[in-house]
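*Asks:* Residues per chain, in single letters:
Protein chains: 2
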Amino acid sequence: MIEVKQYIQEIGRKARDASREVARSRTAAKDEALQLMAAAIARDTEGLLAANALDVTKAQKEGLDEALIDRLTLTTKSIKGMVEGLRQIADLPDPIGEIDGLHYRPSGIQVGRMRVPLGVVGIIYEARPNVTADAAGLCLKAGNAAILRGGSEAIHSNKAIAACVREGLRLSGLPEAAVQVIETTDRAAVGYLVKMSEFVDVIVPRGGKGLIERIAQEARVPVIKHLHGVCHVYIDAFADIDKGIRIADNAKTQRYGTCNTMETLLVHEAIANEVLKKLATLYLAKGVELRGDKRARAVVPAMIEATEEDWTTEYLAPILSVRIVDSLDAAIDHINNYGSHHTDAIVTRDIVHAQRFLAEVDSSSVMVNASTRFADGFEYGLGAEIGISTDKIHARGPVGLEGLTSQKYIVLGDGHIRG
Amino acid sequence: MIEVKQYIQEIGRKARDASREVARSRTAAKDEALQLMAAAIARDTEGLLAANALDVTKAQKEGLDEALIDRLTLTTKSIKGMVEGLRQIADLPDPIGEIDGLHYRPSGIQVGRMRVPLGVVGIIYEARPNVTADAAGLCLKAGNAAILRGGSEAIHSNKAIAACVREGLRLSGLPEAAVQVIETTDRAAVGYLVKMSEFVDVIVPRGGKGLIERIAQEARVPVIKHLHGVCHVYIDAFADIDKGIRIADNAKTQRYGTCNTMETLLVHEAIANEVLKKLATLYLAKGVELRGDKRARAVVPAMIEATEEDWTTEYLAPILSVRIVDSLDAAIDHINNYGSHHTDAIVTRDIVHAQRFLAEVDSSSVMVNASTRFADGFEYGLGAEIGISTDKIHARGPVGLEGLTSQKYIVLGDGHIRG
Numbered sequence: 000m001i002e003v004k005q006y007i008q009e010i011g012r013k014a015r016d017a018s019r020e021v022a023r024s025r026t027a028a029k030d031e032a033l034q035l036m037a038a039a040i041a042r043d044t045e046g047l048l049a050a051n052a053l054d055v056t057k058a059q060k061e062g063l064d065e066a067l068i069d070r071l072t073l074t075t076k077s078i079k080g081m082v083e084g085l086r087q088i089a090d091l092p093d094p095i096g097e098i099d100g101l102h103y104r105p106s107g108i109q110v111g112r113m114r115v116p117l118g119v120v121g122i123i124y125e126a127r128p129n130v131t132a133d134a135a136g137l138c139l140k141a142g143n144a145a146i147l148r149g150g151s152e153a154i155h156s157n158k159a160i161a162a163c164v165r166e167g168l169r170l171s172g173l174p175e176a177a178v179q180v181i182e183t184t185d186r187a188a189v190g191y192l193v194k195m196s197e198f199v200d201v202i203v204p205r206g207g208k209g210l211i212e213r214i215a216q217e218a219r220v221p222v223i224k225h226l227h228g229v230c231h232v233y234i235d236a237f238a239d240i241d242k243g244i245r246i247a248d249n250a251k252t253q254r255y256g257t258c259n260t261m262e263t264l265l266v267h268e269a270i271a272n273e274v275l276k277k278l279a280t281l282y283l284a285k286g287v288e289l290r291g292d293k294r295a296r297a298v299v300p301a302m303i304e305a306t307e308e309d310w311t312t313e314y315l316a317p318i319l320s321v322r323i324v325d326s327l328d329a330a331i332d333h334i335n336n337y338g339s340h341h342t343d344a345i346v347t348r349d350i351v352h353a354q355r356f357l358a359e360v361d362s363s364s365v366m367v368n369a370s371t372r373f374a375d376g377f378e379y380g381l382g383a384e385i386g387i388s389t390d391k392i393h394a395r396g397p398v399g400l401e402g403l404t405s406q407k408y409i410v411l412g413d414g415h416i417r418g
Numbered sequence: 000m001i002e003v004k005q006y007i008q009e010i011g012r013k014a015r016d017a018s019r020e021v022a023r024s025r026t027a028a029k030d031e032a033l034q035l036m037a038a039a040i041a042r043d044t045e046g047l048l049a050a051n052a053l054d055v056t057k058a059q060k061e062g063l064d065e066a067l068i069d070r071l072t073l074t075t076k077s078i079k080g081m082v083e084g085l086r087q088i089a090d091l092p093d094p095i096g097e098i099d100g101l102h103y104r105p106s107g108i109q110v111g112r113m114r115v116p117l118g119v120v121g122i123i124y125e126a127r128p129n130v131t132a133d134a135a136g137l138c139l140k141a142g143n144a145a146i147l148r149g150g151s152e153a154i155h156s157n158k159a160i161a162a163c164v165r166e167g168l169r170l171s172g173l174p175e176a177a178v179q180v181i182e183t184t185d186r187a188a189v190g191y192l193v194k195m196s197e198f199v200d201v202i203v204p205r206g207g208k209g210l211i212e213r214i215a216q217e218a219r220v221p222v223i224k225h226l227h228g229v230c231h232v233y234i235d236a237f238a239d240i241d242k243g244i245r246i247a248d249n250a251k252t253q254r255y256g257t258c259n260t261m262e263t264l265l266v267h268e269a270i271a272n273e274v275l276k277k278l279a280t281l282y283l284a285k286g287v288e289l290r291g292d293k294r295a296r297a298v299v300p301a302m303i304e305a306t307e308e309d310w311t312t313e314y315l316a317p318i319l320s321v322r323i324v325d326s327l328d329a330a331i332d333h334i335n336n337y338g339s340h341h342t343d344a345i346v347t348r349d350i351v352h353a354q355r356f357l358a359e360v361d362s363s364s365v366m367v368n369a370s371t372r373f374a375d376g377f378e379y380g381l382g383a384e385i386g387i388s389t390d391k392i393h394a395r396g397p398v399g400l401e402g403l404t405s406q407k408y409i410v411l412g413d414g415h416i417r418g
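Respectively, the protein sequence lines represent chains H and S.
Counting from 0, one number per residue, gives the positions in the first sequence under numbering that gives the first Met the number 0.
Counting from 0, one number per residue, gives the positions in the second sequence under numbering that gives the first Met the number 0.
Read the hints as simulated data drawn from the structure, not as lab findings.
It is possible that some hints are incorrect.
For the chain S half of the interface with chain H, some residues (derived, Cβ under 10 Å), not all of them [claimed, not checked]: (1) R23; (2) H102; (3) P105; (4) A215; (5) Q216; (6) P221; (7) V222; (8) G243; (9) A250; (10) N335; (11) M366; (12) G380; (13) D390; (14) A394; (15) R395.
If you're wondering where the values come from, they're calculated on a predicted model, not measured in any experiment.
Cβ coordinates follow ideal geometry from the N, Cα and C atoms, glycine included.
When you get a sec, could you build the whole thing from the sequences and use the hints?
*Replies:* If you want it as structure tokens, here you go:
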């Protein structure tokens, strides 16, 4: 235990030192490092596949579940995806040093804000080796040092990717400690990492709700949390019915396993009969299980009965809960009370309803006449994302480069003193 | 204990409900409430002074220290200050609902960000009754519900102010639970408050370093921390000497007890002889005790020897530590290693040095040719401040209305679905 603690502290100390060097690195040096990392990964595809095979074989031998093994497995295509991802990050504008709103005050000083790195970012994630490259790239571009702790099932894959990342850093003259992968699988390492506030500025956990809640519970360092997505589509009385159906279909069935997938459909009673009958045909044809409240079941008898628990459940599966509501207020109340403050959409032509929904639904993304599936860093134009924050402070919604930075005040004077 | 817990949970529940109502309140209603609170306080000046006298008498009887009694004591003038403060907050533009950067994406959706309240803000502070009015006003204007917990020494004063605040809320039709003052002096109340993440979105502690560290340690709710200010002025080799002297004098002696007061002076060796001799005369005439490193003492023998501890100490008193450095790099390293990341200034005419200092000093406010005393919400034009954050995430530096808000993404489409 003491050894693990010392090991993590040593990583922290090195990260803090490296972070200062990365913070003042030129854009060109960071972009070169990203391109060289990408090149190293592309060149070493065979080596990465071999390292990954060790992890996959072990996981299979241990009988780990199929979804985990699926996320764990690298392919030539997914490695190409990592390479592309790093190149895209290199092409993004550098957020660091940007000065906003510099203006004169009556005292004669100029005051503005400068965008700066956070410092040291700790990323804790599950057995998805591609996160190692993505997270390294995003943290570096935002001028931070990164400490990465991936799931122990992916340890060989992560070490192999880390070697490519280090090569890129070294060849571009940046400190290798700018990205460090924790190479012990001892779980105590996470406990030390999230408490090391002298060396770590923020922790970003990526993974299931359980992982994130555990980390938030233990952490002494601020955590950017991405909890679960219980997302809603509300089809209003004044909706264009065809658009409502199209959006509700897409929000549920385009992909079942993502956090921005709709889990509960709310329909206004005035149009419920037509909308639910049409949608039920669509959903049932695609094998979606429907769980309705009493009124919804009266319209679509094929629905099974929804329990109180259904309204707060993120299914991540072809299951949908359905409720008929009497009013916009009832819809907003349902979403604020049962939802997870992730992403919610209204379908309506009534601008007052749209405005109220936008203002009053307390979620990180709120949409009018669009599918919840759009809640995504790429779709929003952030270029990349490290996660979707359901927190209210700091970053909210998809977190890209900007969420990995901070702003400090700058003041310019000419000998000004306070009177 | 169980009763205190229930009491705090009840306050939390009411605050959550009220926060939804406040969040959707019109600007005019919030401003009216602020004006009515101000009017109630002005009208009840005698009553507030009487309530405050109870607190002050008790504090004197218990032999509490003079500085505390000074902060605790209300006067006609300080009550007028509260009234003015609330009116100023009413006059500030409403930050809520502001939409930034709405733009079309290639998919056809429009994406932007809307400024929204945080929800429920818990403010924990020491025996300064005026914070009760300030904090209530700022939280309300930013669309939040507030839970206020002031020092137990000020309990009668706080209750009296709270009554005026409630009157303003009631008369303007806003929920009275929009601002609740915790009326028990049981210390356990704070412990429950900072862990109640279902009802509280952020905690802002205002007070000494000890209070804030204790709260950050215990909290499960995110905390906007205002730790201490170990602020520096660095007089560069390329400084205008007169401006350097003027700034160093002002930064130390304009007020000794504020967090943006300079505690350590760094001087480049090339100009140290002239600068330190002139400044020493000034400081010693004002009764400032000087503590220098070896080289500084060689120039000014009246300095006593600075210990390692001096470099990290916030004196809040007429004491200054002084160090001679060989280079800009040495100055930046000293500040980043020993400072508290609050406010630091360089005096120089060299633009490259100024740019490097701005970029590389890792503090919430970084200044060129201006006194550290400018680090203040009013001086920065925020209109008011609830504190100065030394955190890197969310709000950094002086925290005004914007720091009490968040931004959510909004998406507008016309039946758009993801392909």
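*Asks:* Against this structure, judge whether each hint is valid.
*Replies:* Hints and how they fare:
1. R23: Where the cut-off is 10 Å and the nearest Cβ of chain H is about 5 Å from R23 (chain S), the hint holds.
2. H102: 8 Å, holds
3. P105: 9 Å, holds
4. A215: At about 8 Å, which falls below the 10 Å cut-off, the nearest Cβ of chain H leaves the hint on A215 (chain S) intact, so it holds.
5. Q216: 8 Å, holds
6. P221: 5 Å, holds
7. V222: Nearest chain H Cβ about 9 Å off; hint holds.
8. G243: This hint holds: G243 (chain S) lies near chain H, its Cβ roughly 8 Å from the closest one there, short of 10 Å.
9. A250: Hint on A250 (chain S): holds, closest Cβ of chain H at ~8 Å, below 10 Å.
10. N335: 7 Å, holds
11. M366: 4 Å, holds
12. G380: This hint holds: G380 (chain S) lies near chain H, its Cβ roughly 6 Å from the closest one there, short of 10 Å.
13. D390: The hint holds - D390 (chain S) has a Cβ within 10 Å of chain H, the shortest such distance being about 7 Å.
14. A394: At 8 Å from the nearest chain H Cβ, A394 (chain S) passes the 10 Å test, so the hint holds.
15. R395: 6 Å, holds
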